[in-house]
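Novice: Chain A is already provided as a structure; the job is to place chain B on it using the hints.
So the chains spell out like this:
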Amino acid sequence: MKVHTIVACLLCSCLGANRLSSQGQQGNTQEQLTRLQQEFQKYMNETDQSLDNLENRLIAAGAGESSKNSFLITGYGFAGFATHEGEPSTFGAQFNPIFLWKHGDKLFFESEVEFELDDDVTEVALEYAQLSYVLTDGVTLAGGKILNPANFFIERLHPAWINKLPDHPLAFGDEVPIQGESQVGFQVRGGVPVGPRKFEYALFVANGPRLQTDATAPDVGMLTFDNFVDNNNNKTVGGRVGIFPIPEAEIGYGVEIGKVDATGTSASSADFTIQDVDFNYTRDVEALSGTIDVRAQWVWSDVDNVTYDPTGVALTFDNKRNGGYAQLAYRPSKLENEIAKNLEGVIRFDSVDLPSGAPIGVDVDRWTFGVDYWVDSSSVVKLAYQTSDITDPSGTSTTENAFLIQFAMGF
Amino acid sequence: MTRIVSKKLGLGAAMMAGLVLAAGCTLIGVNSHRQGMSSASGKSGNQLWQENCQRCHNFRSPDTLTDAQWGVVVQHMRIRANLTAEEHDKIVKFLKASN
Chain A
1 MKVHTIVACL LCSCLGANRL SSQGQQGNTQ EQLTRLQQEF QKYMNETDQS LDNLENRLIA
61 AGAGESSKNS FLITGYGFAG FATHEGEPST FGAQFNPIFL WKHGDKLFFE SEVEFELDDD
121 VTEVALEYAQ LSYVLTDGVT LAGGKILNPA NFFIERLHPA WINKLPDHPL AFGDEVPIQG
181 ESQVGFQVRG GVPVGPRKFE YALFVANGPR LQTDATAPDV GMLTFDNFVD NNNNKTVGGR
241 VGIFPIPEAE IGYGVEIGKV DATGTSASSA DFTIQDVDFN YTRDVEALSG TIDVRAQWVW
301 SDVDNVTYDP TGVALTFDNK RNGGYAQLAY RPSKLENEIA KNLEGVIRFD SVDLPSGAPI
361 GVDVDRWTFG VDYWVDSSSV VKLAYQTSDI TDPSGTSTTE NAFLIQFAMG F
Chain B
1001 MTRIVSKKLG LGAAMMAGLV LAAGCTLIGV NSHRQGMSSA SGKSGNQLWQ ENCQRCHNFR
1061 SPDTLTDAQW GVVVQHMRIR ANLTAEEHDK IVKFLKASN
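Chains A and B, in that order, give the protein sequences. Here the first sequence stands for residues 1 to 411, numbered as in the working numbering. Here the second sequence stands for residues 1001 to 1099, numbered as in the working numbering.
Hints listed in this document are in silico derivations from the structure and should not be mistaken for laboratory results. Where a beta carbon is used, it is the ideal one built from N, C-alpha and C, also for glycine. No incorrect hints appear here.
Estimated spans, in silico, between C-beta atoms of each pair:
#, chain 1, residue 1, chain 2, residue 2, range
1, A, Asp105, B, Pro1062, 16 to 26 Å
2, A, Phe95, B, Ser1098, 28 to 38 Å
3, B, Thr1064, A, Thr396, 49 to 59 Å
4, A, Glu338, B, Ser1098, 22 to 32 Å
5, A, His103, B, Ser1098, 24 to 34 Å
6, B, Arg1060, A, Gln38, 37 to 47 Å
Below, simulated DSSO-like cross-link-like pairs (lysine-lysine); rule was C-alpha separation at most 27 Å, straight line:
#, chain 1, residue 1, chain 2, residue 2
7, B, Lys1043, A, Lys106
8, A, Lys259, A, Lys145
9, A, Lys68, B, Lys1096
10, B, Lys1093, A, Lys68
11, A, Lys68, A, Lys145
12, A, Lys145, A, Lys235
13, A, Lys235, A, Lys320
14, B, Lys1043, B, Lys1093
15, A, Lys334, B, Lys1043
16, A, Lys259, A, Lys235
17, B, Lys1096, A, Lys106
18, A, Lys106, A, Lys145
19, A, Lys68, A, Lys106
20, A, Lys259, A, Lys320
21, B, Lys1096, A, Lys334
22, B, Lys1093, A, Lys106
23, B, Lys1043, B, Lys1096
Next up, chain A with everything else stripped away, as it sits in the complex:
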């Protein structure tokens, strides 16, 4: 803008001087005026071009972009408060920066680091570190520590600014997970148009899980998914396919099969299968003046029955587990009222059924009722009341309640 002003001033000066000196020379004046106008237009064009170039360079610098590389730090974080019945209430916080590198149109690297408060320490974890190569329009090759492609909730919905409630469903959480959050291995994935619709796929080979074989551990018989350095040569294979019957809905099926090391039990190894189905539907509904959001995912896990500590307590049980969640949310986003349009009601049922013969043989049914207030499209305050019905193997039930608050922001 300043350049334009300077050029305009210079032009006016030239015109004024020219006018004074050219009295009585009308013929030359018209020619000189035309020439000055042309020069002025030329200066203007050059200035605009320079400003455009400068703007592009500033944009590129802001995004860490060179001629071929682009870099961006994004991610999310939250502050929270939770009070569970029978436990001290506590505040909490978490920070998850995500680093993205785009190298040309083919190569892409993404990584998420998690800083999480746990008891008296700050835990740092590599959530994922994935290098991808876009081979063709519908085929991308990727490897590293990858979010589990078979687990839709974890792969797509787990970030705190996306998940509409302050915690994860039990089956996909940290305490009694039935399906893992990540895999260390390679995958091939993509989306393929099929006629008027599209389907998506992901196939992977990875280290897979480990089996907790310590008969004195409360989680004996559970698959644990932090198998970062594999403890056997048997790899897990699996994947997920998803179809879109209508643009707003997706139905998926995921599966993982493999063999885990079972040294210390009555067998040297044990086969396992994990299968899950998911359903996701989001749509603006004029009749409801808002948006409804429906999510559901259920997972079944089956591990070969083995005897743990065969020379001692000789613990054995039918090692089948299942769990999942169903969630319905409604936000009256079409209302005029600024407060009401940013409120969202959420109700979720989640459950886990664990083997009744295992040390942790409980079944848990949990209802969570939440109200969210969206400060903007990626910042949300969540309030939730939770009630859990816990049944032990003898059939005795207890109820535990909790109240959760979370302020999450994606950036």
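Specialist: What follows is chain B alone, placed relative to chain A:
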């Protein structure tokens, strides 16, 4: 124990049925959407942006990121959400033209 399992299955079935019913109710008027239910070649970048982003999360306004930043973010989403090349290209073009 059997009674508890039956009760749980019933509860889960009821919840799933409720969700399917809710989804079914909102499918009313889907015929109008079917007109646009074609491959990406029949859809605008704006339409593809809304469909694909909102399937998982709120969509951010185009003016929240620069052209270069959108290039990185949409490539990230191309891989994560299995966007086709055409969907990716149209969405990037729309976002860069709208910010």
